[in-house]
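S.K.: Put chain B on the given structure of chain A with help from the hints.
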Amino acid sequence: MSSDMNKDFEYLEHTADAKFRAYGKTLEEAFQNAALAMLNVMVDTSSVKNSSSVDIELTSPDLDSLLFDWLSEILFVFEVDEMVFGSVRVNELNICDEECSMSATLSGEAMDLSVHVFDTEVKAATYNDMRIEKTDDGWMIQATVDT
Amino acid sequence: MSQENESSVHDILTKVDDNTWEVPANFKPGMNVPGRIFVSKTLLDILEKETIDQVANVASLPGIQKYSMAMPDAHLGYGFSIGGVAAFDKHEGVISPGGVGFDINCGVRLIRSNLSEEDVRPKLPELLDALFEAIPSGVGSKSRRKVNDKELDDIFVHGVRWAVENGYGVKGDISHCESNGTMPGADPSKVSIKARKRGRPQIGTLGSGNHFLEVQYVDKIYDEEAAKAFGLKEGQITFMIHCGSRGAGHQICTDHLQVLSQASKKYKITLPDKQLACAPAESEEAQDYFKAMTCAANYAWVNRQVIMHWSREVFDSFFKEEFGDLGLDLVYDVAHNVAKLEKHTIDGEVKEVYVHRKGATRAFPAGHPEVPEDYRNIGQPVIIPGSMGTASYILKGCPAAMELTFGSACHGAGRVMSRKSAKHDLRGEEIQNELKAQGIIVRATQPSLIAEEAPEVYKSSSDVVDVVHNLGIATKVARVLPMGVVKG
Chain A
13 MSSDMNKDFE
23 YLEHTADAKF
33 RAYGKTLEEA
43 FQNAALAMLN
53 VMVDTSSVKN
63 SSSVDIELTS
73 PDLDSLLFDW
83 LSEILFVFEV
93 DEMVFGSVRV
103 NELNICDEEC
113 SMSATLSGEA
123 MDLSVHVFDT
133 EVKAATYNDM
143 RIEKTDDGWM
153 IQATVDT
Chain B
384 MSQENESSVH
394 DILTKVDDNT
404 WEVPANFKPG
414 MNVPGRIFVS
424 KTLLDILEKE
434 TIDQVANVAS
444 LPGIQKYSMA
454 MPDAHLGYGF
464 SIGGVAAFDK
474 HEGVISPGGV
484 GFDINCGVRL
494 IRSNLSEEDV
504 RPKLPELLDA
514 LFEAIPSGVG
524 SKSRRKVNDK
534 ELDDIFVHGV
544 RWAVENGYGV
554 KGDISHCESN
564 GTMPGADPSK
574 VSIKARKRGR
584 PQIGTLGSGN
594 HFLEVQYVDK
604 IYDEEAAKAF
614 GLKEGQITFM
624 IHCGSRGAGH
634 QICTDHLQVL
644 SQASKKYKIT
654 LPDKQLACAP
664 AESEEAQDYF
674 KAMTCAANYA
684 WVNRQVIMHW
694 SREVFDSFFK
704 EEFGDLGLDL
714 VYDVAHNVAK
724 LEKHTIDGEV
734 KEVYVHRKGA
744 TRAFPAGHPE
754 VPEDYRNIGQ
764 PVIIPGSMGT
774 ASYILKGCPA
784 AMELTFGSAC
794 HGAGRVMSRK
804 SAKHDLRGEE
814 IQNELKAQGI
824 IVRATQPSLI
834 AEEAPEVYKS
844 SSDVVDVVHN
854 LGIATKVARV
864 LPMGVVKG
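Just so you know, the protein sequences line up as chains A and B, in that order. Using the working numbering, the letters of the first sequence map in sequence onto residues 13 to 159. Using the working numbering, the letters of the second sequence map in sequence onto residues 384 to 871.
One chain only, chain A, in its complex shape (with noise of 0.2 Å):
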């Protein structure tokens, strides 16, 4: 697998869905690229202020559950907070051979429907086609999320 490390993410084709892979020298930065290509299927992160920010905590039992929760968290937290998020930052990841934990910190603002230009929404992140790869220069995550 060759991996464009010029490239934060990218979107693959798929015929119903949002399919991404994003990229990584860590896997803390591949998971905010895969937070960050999901949140720029719903919005243009860059037109987002990043006035309030939401601490994320998660524990799931192996790295695949953890991607998983971690996309479906942020989901969560977008419709029932109504905020909008420009920014992601992975603070903390491990890995473990019971359980893998993450703390993330999401930066945003109130949503307000009369400036966010919302584009496609995403219903739900899903275990379809996931691949979390390590690459000869970093981590490889490869997800479809449900629009």
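Honestly, the hints are just simulated from the structure, not real lab data. Hints may be right or wrong, so weigh each one.
[Said to hold, decoys possible] Stretch-level coverage of chain A by chain B, calculated; a stretch enters the list once three of its residues show a Cβ under 8 Å from a Cβ in chain B: (1) 38 to 50; (2) 74 to 83; (3) 102 to 111; (4) 153 to 159.
From the three backbone atoms N, C-alpha and C, an ideal C-beta is built for every residue, glycine too.
M.R.: Chain B only, in chain A's frame:
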């Protein structure tokens, strides 16, 4: 379509008849049954190879009966293909959230009227503006009727009955919903706090993506007797609502997918795709999911019911003074993302099976006890929406559906172009203008959403419907054409 893909699709499949293609059980290791893909030659030529892989993956799940199937609108999904149908033995089989999808009980309902096309056409732009105003739609939209936790429990358990008892509709609406708008066995204690938080503010909201409310007119009748029973005649105005269980359903699927993902390991079920996470049907994990899924299904029926109610109010405000009783009766409401425990005859024996329909409509024939009394002699109305600029069809379920597809038919036109390509290749404003030139008015929160759902991104609804008609699964009753569309 590349030559390479076309030849590989044809190499894999064996022709059974003009509209039936078999995926041999030796196509992939682990398949328990063969696959059956119901498409015409024309639709086969645009079938993605990956869709066949997904049909084969489902065939490897434990306890699957007869065939892993794909309806004529089949296309690549996640886990199951869209248009996927599979039945699993009640005792030996599994239940899988991947066979239902995140938008649990996404479905469609059709409402008839006493109005004619001529009555509505002059007021159409204002009518659409008013509908767009009355029905919250798009990303982040919130309902005018936020419900509390007690009401949410009642919605989860009682479905459409809750809506009617609370003034959103009339008693006759209940029997014109699949399962009377309430699947039994819902258990709100299996629904997480997260799903509740998402569900409380969204009753009566359309959502986004391919969901819509469409004002239409009946342009053609194919089956006079059935059309009469469904209350449809040429030139008559109808409207259609397509949406599902919103955030509540998405979260319920997300939560239980995680549980079932671990359960698959516990029960040593080999999964060709992790999105097919499942557990033995009788296990606690599978039953907990099924009880929570039932809550979401009932929520979706309430959602469509409340949207219909508010739409009726808008129609009344426009036309009641002039035309009197508008006869805005619900023809029928069908689910197309759901799993149900049903009785089917398999190899001469009546068995209880969990039928998973992921982007497929139930199509029960005349005489079936689950077909409403009003239609019992005709067959269940099967509602197949087209894309924004194309025809939708009303069919009736037929006996061949019970023999061939566990009582199922297609659910729509089926995508051929991704949202990404659509937005790259098509301009929302241009499509809006093209449709306007054809007399179809579109209201949407974003022009890009019109591009994503443009007629070009879908298969031809008539090609898809012809397959189920020719197979005798469900036969054509009426065709309706769009006049105005409200999109999220």
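S.K.: Hints first: check each against the structure and report whether it holds.
M.R.: Comparing the hints with the structure gives:
Counting residues of the segment 38 to 50 of chain A whose CB lies closer than 8 Å to any CB of chain B gives 0, so the stated coverage by that chain is violated, three being the minimum. Figure legend: the segment 74 to 83 of chain A, annotated as covered by chain B; annotation consistent (4 residues with Cβ-Cβ distances under 8 Å, at least 3 required). Residues of the segment 102 to 111 of chain A lying with their CB closer than 8 Å to a CB of chain B number 0, which falls below the three-residue condition for coverage. A stretch counts as covered by a chain when three or more of its residues have a beta carbon under 8 Å from one of that chain; for the segment 153 to 159 of chain A and chain B the count is 3, and the coverage holds.
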